[in-house]
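Residue numbers (the working numbering), protein chains in the order written: chain L, 353 to 759; chain H, 353 to 759.
Hints may contain errors.
Identical chains blur together in the list; that is why a pair holds if it fits in one copy or across any two.
[As the list claims (entries may be wrong)] In silico BS3-like pairs for lysine-lysine, Cα to Cα no more than 30 Å straight-line:
id: 1; residue 1: Lys594; residue 2: Lys472
id: 2; residue 1: Lys440; residue 2: Lys456
id: 3; residue 1: Lys460; residue 2: Lys594
id: 4; residue 1: Lys371; residue 2: Lys405
The hints are simulated quantities; they were obtained by calculation from the structure and are not laboratory data.
Given next are the chains, with one letter for each unit.
There are 2 protein chains.
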Amino acid sequence: MIIVQKYGGSSVATSDKMKAVASRVAEAAKKADVVVVVSAMGDTTDELISLAKQLNPMPDGREMDKLLATGEQASSALMALALHALGKGAVSLTGGQAGIITEKAPGKARIRKIDARRIKQELDSGKVVVVAGFQGITDNVSSADITTLGRGGSDTTAVALAAALSAKSCEIYTDVDGVFTADPRVERNARKLDTITYEEMLELAGQGARVMHSRAVEVGELYGVEILVANSTKNAPGTLIKKEDSNMEIRNPVRGIAHDTDIARLTVMGVPDRPGIAYQIFHSLSEANISVDVIVQNVSDAGITDLSFTVNNADLDKCKQRLSPVIKTIGARDLISDCTVAKISIVGSGIRSHPGYADRMFGALAEEDINIVSITTSEIRITCLIDKEKIKQAIRTLHKAFELEKV
Amino acid sequence: MIIVQKYGGSSVATSDKMKAVASRVAEAAKKADVVVVVSAMGDTTDELISLAKQLNPMPDGREMDKLLATGEQASSALMALALHALGKGAVSLTGGQAGIITEKAPGKARIRKIDARRIKQELDSGKVVVVAGFQGITDNVSSADITTLGRGGSDTTAVALAAALSAKSCEIYTDVDGVFTADPRVERNARKLDTITYEEMLELAGQGARVMHSRAVEVGELYGVEILVANSTKNAPGTLIKKEDSNMEIRNPVRGIAHDTDIARLTVMGVPDRPGIAYQIFHSLSEANISVDVIVQNVSDAGITDLSFTVNNADLDKCKQRLSPVIKTIGARDLISDCTVAKISIVGSGIRSHPGYADRMFGALAEEDINIVSITTSEIRITCLIDKEKIKQAIRTLHKAFELEKV
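Excised from the complex, chain L in its bound form (with noise of 0.2 Å):
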């Protein structure tokens, strides 16, 4: 029986909590083969990232995966020293070592294949196995590039290793105790939930819940890998993020209540009503890798219709400077942005087969005086656009009309 756990860069931030995590993961080994997967220790990432500018403002993206590699192989070799310190025998892989073969994509790889011959031939003589989460290798000889895989990458790597070793279970340890059904900082009532489907997971991580990176999400629905998010320092449940099954149509439809601060509302004025249009403002988004959501195009007057839609905070200089040419190409009128806006969604595979609740949420807000800027959905979450200072009280009252606090 083999089991992936995965530490993220906060639980082995110092010798004292790498200590910590090598006695857990001790004890788990005295049941199962363990496959541990390490992130770089604290801000090992950030500080590389920093000196890397500092001689190249435009840093390449081969050298910088080759050097952001290093934080993770530290680790990984850190973890298996303080393994043997405990008496359990381990031995530490970086993504090659560890078969982990991905894309010639720097930054940004995705896994092609895990030839996971090391790992189980490590795990046969009684071994710990610690991989350097993160990172790959573009080929399995030895002049292969490294590459890394990204946001969310030590993640994806637990769960893809999962799925190669056909590991009983994916267990995915960090600061917090696992997904909530709000924001726990904001609503005090907010309920960790035991199980969250593939789907709802994915749902509350693009709309703003940070608890795992959606890729990883992605690989372990695709393989069938379910993944548990628990708290590194406890000793609790945590929340086990699966497919649907047929327990889970008597709980509540809703799960969650997803927000996001962190972004801003862009306007494009005055654009001709011609088809193509969109394409041409988007794509150039699309092309400069920004994330585009909550896109509301205003119905037509003479030929002449408004497009608005949000980006993340980070991305809007980048974002203006893009549309800027396209803007005058089109022949739209203006550009305007706007930061006072937040997102709120509520989440859940029951919304599919409940109508009705698109009208509960608004009318909770319109209770509230929380004016809708603008809404989306999907088919399992409903999106609405308001005003950021509302947003803890946008939370609090649908937390409570849907009766989250509830199973």
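Let chain L serve as the given structure and place chain H on it in line with the hints.
Coordinates of chain H only, in the frame set by chain L:
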């Protein structure tokens, strides 16, 4: 035309120093294909060792190698980024990517072979190749283990690459101007040597001159690679380490004075004078990787003798631990240690063919009333053990006696 340049940790300790080195490299790259070997930045290696020891006082060699190799991996990527910032194409390679295949001997792996195909391919595409020093890999597959080459490892990487690439020159840049006739901090008339033979350099290095590690010089001698040692912050010619040539015959037969105050003298008292006793003593030390020098055995008196030798101060405690059971086994009386001695040596390939140098050395020391505790010699070196307090006086006396200020 290929040249190999190596920059040590102090030369790349900060981003500013790294930029300065990048400028030198870019300048050299205008005239030749350049392979740069870099050490880890500043104290990185010591910091990683300290972190490891916090987790495990007796860290496993394989994991240490994997941990320490990150230092050079990071500095090589950063150097490539610094070169890019100057508009110079560059690619960094780990030891493994550079094709440096070693034994499986953690912490002190010797290079088995170098598969330079990737380096040549990158050079052919017009790039500077930055190789992480001090490291290799046990095989040419990505699952192979990372190894380190031990002390002086980056120098060895540079010389071995120069040999494998049939480079025109191998330049070791450091924080001194080259090899001197004596330590210039002690003897202000000390003169930088323009050339020195491999053999002389090995004797100087073995006797305390810290400019270059013996191992890299041995590799240079074996493959006939001429090694230039020069200052990384100056445009000065440095010292060229090469094989003896006819011009060297007309120079001063003594080339330099080495000294080492960081030693301890051990005496095994009352040793039964039987075959195999010396083997038992020195075998126990070589097993513990302790280097021994200046071995002197007194004339036997009634089948009992005393045996003296020197070790590095850092090895003194380990040495005593190792010898304490041996003393009992062989029936010796006692083991005493003395930390008040120092070694001083004159080195020069001319010593071999010029008798009388020992006389001159002993006479010069006697004139200054410096007592000689022990003497050892090689073909091209004479070493005396003297009172540590008189070491500076001895250096100055011998420098004058052998007219080392003259070419």
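Here is how each hint holds up against the structure:
1. Lys594 - Lys472: The answer is within: 25 Å in one copy meets 30 Å, while 50 Å across copies does not.
2. Lys440 - Lys456: Intra 36 Å, inter 22 Å, cutoff 30 Å: inter-copy only.
3. Lys460 - Lys594: Intra 25 Å, inter 48 Å, cutoff 30 Å: intra-copy only.
4. Lys371 - Lys405: between (32 Å within a copy, 12 Å between copies)
Violated hints for the displayed structure: none, as all numbered hints are satisfied.
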